[in-house]
Every structure is written in structure tokens, then in C-alpha cells.
Amino acid sequence: MTRGVAAWGVYVPRRRIPRHAIADALAWRQPPGTRKPAGERSYAAWDEDAITLAVEAARDALGTDGRSRVGSLTLASTTLPFADRSNAGLVAAALNLGARVSTEDTTGSQRAATTALISALERPGAGGHVVVASERRRTQPGSSEELAYGDGAAAVLVASEGVVAQYLGACSEAVDFVDHYRESQADYDYSLEERWVRVEGMQKLVLPAVRGLLERLSLEGGDVSHLVTALPAATSADLARRLGCPPAVVREPLVSRLGHAGSAQILLELAATLESAAEGELIVVVGFGQGVDVLALRATGAIANRRPSSLAPVLASGLSDPSYTRFLAHGGELNLAAGMRAERDARTAHSVHYRKHATLNGLVGGRCTRCGTVQFPKAPACVNPDCRAFGEQDDAPLADEPAQVKTYTEDWLAYTPSPPLVYGNVASASGANLFIEFTDVGPGELEVGMPLRFVFRVKDVDRVRGFHRYFWKATRVRS
Amino acid sequence: MATGIRDKVAIIGMGCSRFGERWEAGADDLMVEAFAEALADARVERDRIEAGWLGVFYQDQSTSRSGLPLSMALRLPNVPVTRVENLCATGTEALRGAAYAVASGAVDIAIAMGVEKLKDTGFGGLPERTKGTFEDQWQPGFTPPGAFAQLGAAYAARHGVAMDDLRRAMAHVSVKSHANAALNPKAHLRNTITTEQVLAAPMIAYPLGLLDCCGVSDGAACAIVTTPELARSLGHRDLVTIKALQLAPSNGVEMGHASWDGSHTLTTPIAAARAYREAGITDPRSELDLIEVHDCFSVTELVVMEDLGLSDPGRAPADILDGRYDRSGAIPCQTDGGLKCFGHPVGASGLRMVYEIYNQLLGRAGERQLASPSIGLTHNLGGIPNRNVASIAIVGLHGSR
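Chains A and B, in that order, are what the protein sequence lines are. Everything in the first sequence is counted per the numbering used here, starting at 1 for the first residue and increasing by one. Everything in the second sequence is counted per the numbering used here, starting at 480 for the first residue and increasing by one.
What the hints contain is simulated information worked out from the structure, not anything from laboratory work. Be careful, since some hints might not be right.
[As the list claims (entries may be wrong)] Pair by pair, the computed Cβ-Cβ distance ranges are: (1) A:Arg326 to B:Gly802: 44 to 50 Å; (2) A:Pro313 to B:Lys610: 18 to 24 Å; (3) B:Ala850 to A:Arg355: 55 to 61 Å.
Small disclaimer: the values here were computed from a predicted structure and weren't measured. Beta carbons: idealized from backbone N, C-alpha and C, even for Gly.
Let's have the full structure, built from the sequences with the hints guiding it.
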């Protein structure tokens, strides 16, 4: 059976800061004549993390009807919110994949995503396997990483049916080349000199690995249509030249516009490639980080049936915001006074959370079997005033339903890391009413009747007990 | 079939503390202040009181749990005291308990006390509180102004009103209440304001600015009730009796059903219909001489004018701007300044409203006295538009109708 990539999806936070805005804010500590950095970087809102980014990328990959194909899910990230609580398990729960799905967190290297992808492609069996890579990378103010990094996620569905890019083979090498590292529980990366990393690491380690795989597959550099890496553009171009590939195999990396999203970057670049690949084209994917992963894919005829680009709206709908303090505040790098209202205890009653886990993780409401009324939350008795039947409700998943604004406010009194707190009543397409927070909307944006979608976000952070509480929020449909 | 409690219970004494930032007073001081006035008014001995109902909402902030804070503050002679709580309808709920006890014949004289000591939090606005172990995990982290502000967007959309026009009508609600409170020595906020000041105030929760929001106040109010017969035997000549006491709590429709559009309060019309029936009122617009409604925020008062049946749907902004609810208007509303300016010590508010009607009916309202009113209505909306308790009390001169 042909195993390969059957679908892909991406998610990049809407917020972007021009790199020059960071440089301008810190210009006083730079020598005169320092060149202004170009481009923008993405950054996650305060209520986004590797879990929520992953959920959005996986939703993009799977659509609303692809969930039943999924038997397993791997979450690759070096910035997982929980060291001991299945992060992938929560992603699967938010996706409503059901309890029978196999989940796995993989971490510890920038190669986490490619290693997981190869593992999924090598796995026998016909079940769909989601590999989702996601990073929300902390960067120290004033560091080079602050300019270079970004936040984002990408997902790939590996399957044996509906394959758009057939798996040809892969190789991996483990080399303890420490280009950068982050101690367990440290906040920030520690990076070594870029020139050394590029010359001694990327060039010397990647080239032979790619050559080795091509030889094993009886292919040559000239056969390659797409060389997909998360390396600097110049390094990729140099690699292509040395391999004997035409220069066009290297596309302009997304990094200049979005920043480098760590282990997720290679899947973002792969998604960009799949959005432009044609039938029969050979795609070579390179993962780099304490060694090298190389895998080869060939686009099938099914690639022509791909849906509209996911990346185009990501690139077009970014909110370019030059406020450096807002960037720092969302990233948790600026200790702004939050007022006494922020002192409210955000303790989670975990027995309640478990009892209501479908409601809270999956936004599953109830549908009255007597009268058909859809309601949130599911309750012992139907909310329809003309029905009120007891114990008659089926599950009604609402997360993927379109919705619209019924009422809203912008609340400047309520505590939120990103004032104002925007919330209101929302009507889902099936008729449920949800009293819910909005996210990624600013003052003056909402109107009654405006179309909405639901997104999985951090609701509260319990700093006393180190727990992140998640729930769904409504956001504008931007297309 | 039950006929309700119309004219079965007389109010013989009422008291109300000065409302405001009472830094020098605790809940016990406030209750004693209100009680002293009520007791002198009622002309009975403290030990004639046979039962008490204490209304307090923020129990951890204001007092503590149970009926003990009332029993201990007033040093009552170990008579039964029940603590009740129904959000911002708490004060009316306390009155309901005491009135039902008298109406049933269980006791001759009972007291209803409402109190709240809010200004011990260390910050402005109402105290923070948990909304419940499940609710905290999904409901928005809303504040009261934000929850009530929802009415603004929905009302504007439903009736096709431009938000600027709606805000101008809302502003007049506040301007009117400040003007009334300026004549009330017990009110928290006694300054007069202009529409322009309301519109220019800092935004709290769109479309509510600072001056669209009521005061956060300390205070207590109480009522001593008995039967009309006993009241007369105690020497009371002009009797104020309870014509209706009704309550309508949400059952979840607003929070979870598509039929509610968020532009009005679902429970107020239900409570009002029951109360009008109990009081024998068929045309509230002509029969009510004054009203005290739950103006926690200007927009609440605006939509409640329609929910009480006093303005036609969509007409409240125009009626308000026409002065219909001003002190000189057809149906004076908040002659004491309302929650907006008298203040809103949550547990006391329902009783404070009855206190104003009581004084107006007895001709004791000083500079803000209306010309011979005989019946008035109070209204509370406890909670938020999404889930709330509406309470209505109608009180009038005995024999006036």
C-alpha cells in the first residue's frame, strides 16, 4: 500500500511585529550604523501556546470530515506547556478524536517533527496518523533570537489512502553538534556563533546525508524539484548548488516573513511546498538538529485536487503591530502590573474538569432527542422552554460550527493580560447560544451579526499551582 | 386558589443608613444605624420582634454566613433569624420572608434587614468571586458592567438605534438620577452631572462609561412589618401595605436558548405580570405613581422601562429623553437617586428602594417629595442578563385602591 502525505495544515498566530520595531525600541544599546533588520516575525497571543497552535494546524489539515481517519497523533515541540501531562492527548481531545486514538509527545530537538514524520511514514497499517509540530518560543528581550524566532504550527496527515505525496524513503543521523541548546526548565535558548553553525554544522552534516539518501533511492540532485529545509536561505541555496540541483528547487523561506518556528518550521516549509508542487515532482525534506533527517516524497496525481491555500490567508491576514511592549507582554517577558483583580484564585476543580471534559476540551454541547434543540452546555434538562425534557440529550459537537455575534462588550475593568476582555453571546449555526470570550479582536471590531468561528485557547493560568486552563473562544472569520 | 398577600402586611417602620464609602463602619454598625431609625419609626420595643430575615450577598466580604450577623448586631432575644441571598434581589427577598411570616400568621412582627459592606476589598468595583467550579472553567471572566453592557449592543441592533443615540438616552438616565440624589442627604453620590460629562467619561465596558455605572457603596436598610390590624392597634394611622411581592428567576433560557436575543431582561416581564396581578393593577402606566428600578447601569434602567410595560418596545430612549421618568415626569423613577447615586450595597438595595417609596407615600421625602403619591413599585435584577433573578415589590397606602 502506498504510504504518504494525505493532507496538511498550518497555523501562524495573527500577531506580527516588524523586526525594525524591535530594533528601534532597543536602538540605544546598538552601535551607530547598525543595519535595521527586515521583515516581520509572528508572535503568539497570551492565550496561545504549543497546544493551541497545534490544535489549529491540525484542524486545518483535517477539515471537519477528516477526523474519523485518524488513529494516532504525534505532537512535536520543544516548547510543550506540560512536562508531565500528555500535551498530544489534549490536542486530540480538542480535536474530538475520541478516546481510542494513540497519542505521543516528541520533543528535545529541532528535528522532532521530521523524526516523527519519518516514523509515521514507516509505520505499517492503514490508519491515519497526524504529525503536528508546534512551537511557542520564548525569546529574551534584546537577544538575536527575539528577532529571528517566530511562533507557529503545521500538521501533516500521513495515510495510505488519498496520498498526495508518496513516501520514497528516509535516512537519519545522530550527531551531537550543539548549535544551540536550552537547559531543562530554562526560559531561553543559548545559541553559538552562526558562522560556525552554518559551515561546520549545516554544510558538513546535511550534504552527505542528502547525497546518501538520493544514492540509495537511485536518484540524483538533478531529479529534485523541491529542496525543503528550515535552514538559512543562503545555506539552502549553497546546498542545492553542491547537490547539483537547479536553483529553483529552493523557494524563498517563510522565515523572513514569520520568523523561525523551531521544530515546526520544517513542516510549515513543507506545507508551502505542497501548495505549489505538481504531479511527479520529487520533494526532499531536511531536518537539522543534533544530526540530520532526510526524507523523500513524490507528488502524486491527487496533488492537483488540493484545497485552496492555507498559507496565503496566513500571510495576508497578519496583524502588523509595531508595539514592542505589547509584543513583550503577550510573550510574558514584561512584568506589567495587573491590579488586584488579577489576584483571583484560578484553581481548577479537576474532578469537575474530568466530569465535563467533553464540554470543556471539545466544546461538545447537547442536542435534545425530544425536540432537537442544541444547547451549551449540555444539561440534565432541555433548555427549550417548550420542552424541558429530562435526560434526553445526545452529544452536539459545536467547535466546527460557524457562529455569529449576538451581543458583545469590550470590558476594560475585567482582568485579562490583553485588555479589553471581549465577550458576549454567540449564536451557533445549529441554534445554540454560547456566553463566551472572544479572542484576537480589538476594540471597535465587532458588530452584531458578524460571522465567527471557535478556537481553542488558554482561558486562565493558575500561577499558584502551575496549571493552564483551556477552553474555546470565538474569533472573527477573516478570509 | 391562593390570592397573594395584597394588603395583608403593613410596614410600620423603616430605616436606612447613610450609603457610601463608610470606611468607619462595619456591617454591624450599618445594621444598627438602619435599625435605630426603623425601631423609632415603628414605635415598638425591640423584643416585640419575633423573627428576622437577613439579606446579604457577599457573605465573606460583608458579614459571614447564616442569620447570626443580624441576631448578634441587634442583640435580638434569640428569635429565629434566617439569612437569605438571591443576588441583587437579596433585599427584596428578605422582605418577602418577613412579609410571608406575618401574612401566614406565624408571627405578629418581623424584621427584614439588608446589608452590604463592600468597601473592604482594597480596590474599586465589586469584589471578585468565583462563579462556580464548573462555570469558572467556561464562562467568560466577566464583570457586572461587562455583562450588562451586552444589552446595549443587542438593543441597538434589535431596534435599529444608532449607538450614539442610545448612549445619549442612557446618559440622561444618569443625569436624572444625579439630580435626584442631590436632594437626598443619605445618597452616596450627590453631585449633579451633564450629558456631556457622561458621554466623555472613561469607558468601562462598551458602551458603558464610568458615569453609566452605579456606585459601589456600603449600607443597610430594614423594614419592620406586621398585620394592618396590629399596626392600627399600635397607633399607626397612615398605613403603607404590601400590594405584591414577586420573584422570577431565570431557568437557563437566556444562557442557552436561541429565543433570547439579549436586548432585554427575560424575567422582568414575568415578575411584573405576576406582581400587577397580585396588586390588582391593570394599567401600570397610569396607576403607578413612582418607581425604583434596578439601575445598576444606565442601559439596565432603559430596557427595564420596556420590560415593566411602561414604555413601548423600542420607545424607551425617546421616553427617557422626553423626561417621562424624571422627577417631574409622568412616572418618576429613582426619586432618591437609585442604585446609580443612592448607592448599591447589594443586600440592602431592595429594601432601600422600598424605603424611598414608603417615605414618599408618607410625605417624608423632604426636598424631593412628590405630590401625594399612593402606590409605587420597586424592581431588582439580581445577577446578569444571561441568568438572573427579577424581583418586584409593589407598596401603597392602605385603602388607596
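We went through each hint and held it up to the structure:
One distance hint, 44 to 50 Å for the beta-carbon pair A:Arg326 and B:Gly802, holds here, with the actual separation near 46 Å. The hinted window of 18 to 24 Å between A:Pro313 and B:Lys610 is violated, with their beta carbons roughly 36 Å apart. At about 60 Å, the CB distance of B:Ala850 to A:Arg355 agrees with the hint of 55 to 61 Å.
When each numbered hint is compared with the structure, a violation occurs for hint 2 only.
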